[in-house]
Amino acid sequence: HNLRRYTSKQATLYEDAISEIHAGHKSSCWMWFVIPTPPWIVNGVERGSALNQRMAIRTDEQAAAYLTFEADGVCLRSNYIEIMRAIRDQLKSGNTVRRLMGGADEPKLASSVEYFKMITA
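Per my numbering, residue 10 is the first one in the sequence shown, and the count goes up by one each step.
Any given hint could be a false lead.
[Claimed, not checked] Capping the alpha-carbon separation at 25 Å, the derived lysine-lysine pairs in DSS-like fashion look like this:
1. K18 with K126
2. K101 with K126
3. K18 with K117
4. K117 with K101
I should point out that these hints are in silico values taken from the structure, not numbers from a laboratory.
Since we're looking at a predicted model, the values are computed, not measured.
Could you build the full structure based on these sequences and the hints that come with them?
Next up, the structure:
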């Protein structure tokens, strides 16, 4: 499943990501590595940047593996849960998804949450 593409990035970027969420605004580029999404398909054609396409979770099996994978001192499941809780706490305190994540990452967050919700149901 090539999941080290996530852990190798999270090993150096995750602390920045969680700090930004706790501060109330995402300000750097880490979305693909911390909150992955399925491919963005429009009219049967995959869209998005090369990074978007490279980091997409391609199958339900890969998504399930993501939630159990640990390497490089990183547990993907623990980090995903921790950042989702931090996002939840920001939203409960009155922040909006758009202010927290930015307009470009707002739909990616929704896509990731819905996908992981579906594969864990």
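Evaluation of the provided hints:
Note on K18 and K126: the hinted pairing holds, with a Cα-Cα distance of about 24 Å set against a maximum of 25 Å. Distance restraint check for K101 and K126: the Cα-Cα separation of roughly 20 Å lies within the 25 Å cut-off, and the hinted pair is therefore satisfied. Proximity of K18 to K117 is assessed by CA-CA distance (about 18 Å); at most 25 Å being required, the pair is judged to hold. With a C-alpha separation of about 20 Å, the suggested pairing of K117 with K101 holds against the 25 Å cut-off.
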